[in-house]
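Those protein sequence lines, which keep their order, are chains Y and R. Counting along the first sequence from 1, when you hit position 136 you're at 136 in our numbering, and nothing is skipped either side. If you want our numbering, it's the position in the second sequence, counting the first as 1, plus 1000.
Just so you know, these hints were derived from the structure itself, not from any lab. Take these hints with a grain of salt, some might be off.
As the list claims (entries may be wrong) - Where chain Y lies over chain R, by a calculated footprint (3+ residues, C-beta under 8 angstroms): (1) 1044-1051; (2) 1214-1225.
Stated by the list, open to error - To give an idea of the chain R side of the interface with chain Y (calculated C-beta under 8 angstroms), a few residues: (3) Pro1130; (4) Leu1149; (5) Ala1253.
Quick caveat: nothing in here was measured; it's all calculated off a predicted structure. Yeah, the Cβ is synthetic: ideal placement off N, Cα and C, and Gly gets one too.
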Amino acid sequence: MSTHTEAPPTAPGTAAPPDGTVTPRRRTRATPRLIGYLLILPTVVVLAGVQGYPLVKLVLLSLQDLTQRELFSGLPAPYVGFANYARVLGDPGFWTVVLRTVVFTVVNVVLTLVLATGTALVMRAASRWCRLLVTVVLICVWAMPQVVSTLVFNWLFDYEFGVVNWLIGLVPGVDMDNHDWYANAVSGFGVITLIVVWGAIPFVAITLYAGISQVPKELEEAARVDGASAAQTFLRVTYPILRPIYTIVTVLSVIWDFQVFNQIWVARGSKPEPEYQTLGVYSFMHAFGVNEYSLGAAVAVVTVLLLLGFTVFYIRQSLRLGEID
Amino acid sequence: MATLSARRPRSRGRTVANVVGVAVSVVMIFPVYWMLLTAVKPGSEILTYTPRFWTWHPSGSNFVRAVRSPHFLDALGNSVLVAFGTMLIALVLALLAAVAIARFRFYGRRAFVFVVLVVQMVPLSALIIPIYLLLNSIDAVNSLGGVVLTYLAFVLPFTIWTLRGFVAGVPAELEEAAMVDGCTRFQAFRKIVLPLVFPGLLATSIYALIQSWNEFIMAYVLLSDQNKETLPVWLVSFVTARGIDYGALMAGATMMALPVVVFFAIIQRHVASGLTAGAVKG
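One chain only, chain R, in its complex shape:
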């Protein structure tokens, strides 16, 4: 009895926190739930004046309509190409640059770090006009390569900065010890540093993947051919082109969001720590 009453104030606070926590969760997740629910609802249950918060008749017809609508498969393919292309190139370039600024001294190194940080702050929307004109002048409008190149510039600062943190976190003594034991510099890097920065590589590659998968304005401006559209552009044009078929729209939205959520959830800890490592170190 005595122990119970001693614990009560604390557990009451905890109960309140739990209730608030559940309420926050319900409110925050509701839009996602509503998207999923609308996507699997049969058409007759979507446009109702009294909303239905559950369905006993889940159907795939919305997904079928979304997939069969013009250019969905093109958009999916383009998105996959652009996202993985950006990710792979960004990963290689960022790892090289991160090693350079974490491990080597050279004149202009600080200037390079400064530029990388400043570039991150240049608004994307400010650069659309010149990038469009630039790609237009070399006939690279409507080319996925041009889009990948553009995305690289917006993904690299973050990936370099995050990876730098991971590389710097590996004690140089470890590498030196490996080199004393007969490894070359490259072998020491490959066998000692690379495995240790793997979580960083994972986090930054997912980041690059998600950023380029989600990006909208650049793709909207640079890819005007319908068969060159990426998923976000396809999704937005889906609204304007055929009135609003909310069922198919939410099915398309689900298909675009689901891979991102899954990827993000798998490496959630690394992404969170990766983002904060860049921003909060100190």
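So here's chain Y without its partners, still in its complex pose:
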């Protein structure tokens, strides 16, 4: 933890004592502390019940062997140690899923960041009416529920009557009649990537635009006057100023894209084939598809641990940015 967080937690706007030992007069009574506990109590109860307990339960479950028999009879499931983990980690299929998930995440995050950056830059350079147009479009896209957008994209990419096949078929010599995009997992993931990136661009673009519009124009103009190209100006002047924003949208995107579930599930008509399974889907299929709850739990624990690396990074970054206090 950085030293910054060791500072006494005081509301911004209050004159904080510099060394943290002298407490302001109005904080010395015991009641404010009690009020604080009372205020967070309901949240603590809810989070403990619906996040804390299930998390503990998840870990326990991954060490047990819970089958449908125990589920319906209510008998305690026997503990099997790390047998589930041994099975999961020893399965080459699992590592294929991990690799697929990582590649999927990287591709989606990179595409989202690049396209969102482009959109944000265009928004800044464009006239006001055009910026408004782009903003309205982004808001509409942002608001689209994942389930809905996936169904719409499936319709766009329909093998028989889809607009996309018709459009590509306009290119001379290309025959896209009855081309099934999901027949091949690579092109299928291409469509799913499109759905995910399309839905992810608005948040990132609007956040980046908010940051970019804060960058003083004089700085960039000075760089241009000194002979920097547009790309150099962006990389050397604009990007360093926006770095904190980039860090956060990147980590958030990684966390979101790593656990993409809805788009894959709905795109494959609630029955994703093995070659379409990422970690989230894989765990889910084990638990609810074949009732191997414990195996699914072990996969989920591994997923959480993988994400925890990113989480620690994210939290540390937040602390460094001075978000807490």
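Keeping the supplied structure of chain Y fixed, place chain R upon it in accordance with the hints.
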């Protein structure tokens, strides 16, 4: 003449940006447009080998088929209940917690903030299995209350964190001044802080509303009775149950998406600033 040529390089860049901006807008909005268009097209214009990009014969028949299909009204009612239930409870809990961490000092406060931030990162799909087993063991599977409870956990971290920013942004001196003038602590809160954090309340409530309106997997697993389905589950089952009636499907999709878009557009500025306030402050 001189002024025109002096302005040209700049305006040329602007023209290029405008053209790109329009192109980006057209591509980005097309799926939404196609959804709306398909929803209002008469059946004969939907399944055509050469797509029609406009219709001169808009009809409501797709909507009628969607609404009359089994369980649509149940799903709509359930979605409304779940979304507003989650929103109201999340709002109260989050405001209390946000005030606590922005205004009060207590042991464990930092641990609480840490937990709230970490919880946000736990993947939803990882918790489905234990949550399902938990609700199953207390016979709360197929209960909307169980779903609301689950959604709360996923909505609270963001709402608390965003509201904290808004509460912290109100100078404590304002409250103190009100208390010097004879207000109680609660009155000072109600008359000074509450109005000032109203945009934050609006933004977070819309966020909670949209999240719980859109959520799919939890509802899919926890609500197996057809008359307990929420809209996203209904919509997805609509595909598998009866082949693909794209007209009615897009009409259903429109009905699910439209309220979200409208809500989102109304408070767009607050949501954007609310999201960034949480993430980008510093």
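We went through each hint and held it up to the structure:
1. 1044-1051: It holds, with 6 qualifying residues against the three required.
2. 1214-1225: holds (count 4)
3. Pro1130: With a closest approach of 4 angstroms, the Pro1130 (chain R) hint holds.
4. Leu1149: 6 angstroms, holds
5. Ala1253: 4 angstroms, holds
Comparing the model with each numbered hint stated earlier shows that all of them hold.
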